[in-house]
Amino acid sequence: MLKDTAVREVDAKNKPSPYGGGHESTTTQPRGSASPMTKVQDHDWPALVRRIHMDRDRKAFAQIFSHFAPRVKSFLMRGGSGETLAEECTQEVMATLWQKAHLFDPSRASVSTWIFTIARNKKIDALRKQKRPEPEDLPWGPEAEPDQADVLVMQQETTRLAQAVAELPEKQRLLIEQAYFGDLSHSEIAEETGLPLGTIKSRIRLALERLRHAMK
Amino acid sequence: MEQIKHHLTDSLLMGYASGNLPEAFSLVVATHISLCDECRARLASFDAVGGALIDEDDTVEMTENALNATLELIARASSAPKPSTPTKGAVLPSPLQGYVGGDLDSVRWRNLGGGVKHAVLKTSSQATVRLLQIPAGAAMPDHGHNGTELTLVLKGAFQDEDGRFGRGDIEIANEDLHHTPIAEEGDVCICLAATDAPLRFRRLIPRIAQPFIGI
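Chains A and B supply the protein sequences, listed in that same order. Here my numbering is used: the first residue of the first sequence is 1, the next is one more, and so on. Here my numbering is used: the first residue of the second sequence is 1, the next is one more, and so on.
Derived from the structure by calculation, the hints contain no laboratory data. Where a beta carbon is used, it is the ideal one built from N, C-alpha and C, also for glycine. A few of these clues could be false.
Said to hold, decoys possible - Sample of chain A residues at the chain B side, in silico, Cβ under 7 angstroms:
id, residue
1, W98
2, Q130
3, E145
4, P169
5, Q172
6, R173
7, P196
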């Protein structure tokens with residue numbers, strides 16, 4: 001699976017990248033044409049996060065804020081928070097996004113996923129008054145910046161996953177929502193969740209392998 | 001990365017991703033993921049489900065001045081948060097070091113008899129977690145079979161009916177499982193063990209004594 005460094009460097013110079021050429025039968029949009037971008041352009045969240053990181057860009061931040069802050073607030077209120085606390089916590093979540101913009105890796109997660117993890121940790125901290133042990137970070141330096149093709153694939157995978165979650169049978173979907181928004185203990189969660197996570201997991205696994213390779 | 005054969009279950013990963021695990025279990029999960037890229041990727045996919053759900057159209061309007069208030073919050077904050085320091089060469093991955101206050105030499109062990117030592121780590125009360133040190137060739141003490149029990153190997157290895165567990169491997173047991181883990185010859189075995197049946201902790205007895213007591 002892992003290409004060696006030399007090959008990857010050549011890949012990086014020959015953009016658009018040849019990643020995904022042919023072996024991804026499920027991808028319907030043609031690569032190398034402008035069409036995959038047109039759909040993403042309205043919501044190119046990774047680019048906006050990058051502008052926050054590189055240029056401390058307040059306009060980019062305002063765009064992210066207007067889309068995500070009301071969603072984070074709703075998430076916190078569904079988790080049992082009153083409106084005042086939810087408002088305060090949401091502002092803190094969005095401030096954390098600004099402060100951690102340099103740590104966001106768009107080849108491993110979508111912006112909505114990243115914001116979800118920040119909001120979830122805030123919920124544990126502020127609502128449950130518990131500590132949240134987090135795994136060791138895998139930081140990526142400027143030498144190991146993600147390939148734009150990988151970033152695009154991750155966005156597409158996220159969209160596909162969101163569709164699959166939306167199309168789950170009602171009973172299963174309610175259970176998933178209860179787990180993520182309410183408090184379903186892990187013993188109430190089935191061993192097999194039935195979520196179609198195989199493809200997105202493989203993509204993230206690949207991104208991790210590249211990162212490990214770059215860190216050596 | 002270690003060659004890890006025994007991984008986390010989907011229910012633990014989803015519980016961790018959705019923030020529903022007791023702190024003690026979260027610590028074991030975070031420690032395993034620090035050692036296991038396979039489960040790191042699986043967790044990221046469960047996080048992505050949370051991302052998909054939060055990105056739906058369920059919104060609550062922010063107050064009028066919210067954006068400016070947040071920008072002020074950002075301006076007032078000190079320096080950017082640093083990523084956790086990598087722990088290359090350390091026995092304890094960084095989430096665990098946060099609880100111990102350093103690597104293995106900072107652990108305040110207490111003797112349990114028979115060469116077995118433990119150190120309870122302070123977490124919220126729904127579940128308990130501790131480090132266990134078992135001499136090479138000795139049996140693991142019974143740490144409770146009510147509820148769920150997680151045992152993550154950090155150093156050395158143990159064997160039981162389910163196979164061999166080395167560094168990074170996690171054994172997940174519930175009421176049904178009766179196992180007799182024995183530390184491998186050659187090296188002391190150090191594990192991180194958590195259970196959501198805290199009462200059994202006080203009656204901790206090395207397994208060697210159990211044939212006389214029965215389970």
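So, going through the hints one by one against the coordinates:
1. At its closest, the beta carbon of W98/A sits 5 angstroms from a beta carbon of chain B; the interface hint therefore holds under the 7 angstroms criterion.
2. This hint holds: Q130/A has a C-beta 5 angstroms from the nearest C-beta of chain B, less than the 7 angstroms allowed.
3. Hint status for E145/A: violated, given a least beta-carbon distance of 16 angstroms to chain B, over 7 angstroms.
4. Checking P169/A against chain B: minimum C-beta separation of about 15 angstroms lies over 7 angstroms; hint violated.
5. Below 7 angstroms, beta-carbon pairs count as interface contacts, and Q172/A has none with chain B, the closest being about 12 angstroms; its hint is therefore violated.
6. Evaluation of the R173/A hint against chain B yields a violated restraint, the C-beta minimum of about 10 angstroms exceeding 7 angstroms.
7. Annotation: P196/A was flagged as interfacial toward chain B, and the flag is violated, the nearest CB pair being 10 angstroms apart, outside 7 angstroms.
In the structure shown, a violation is registered for the earlier hints numbered 3, 4, 5, 6 and 7, in ascending order.
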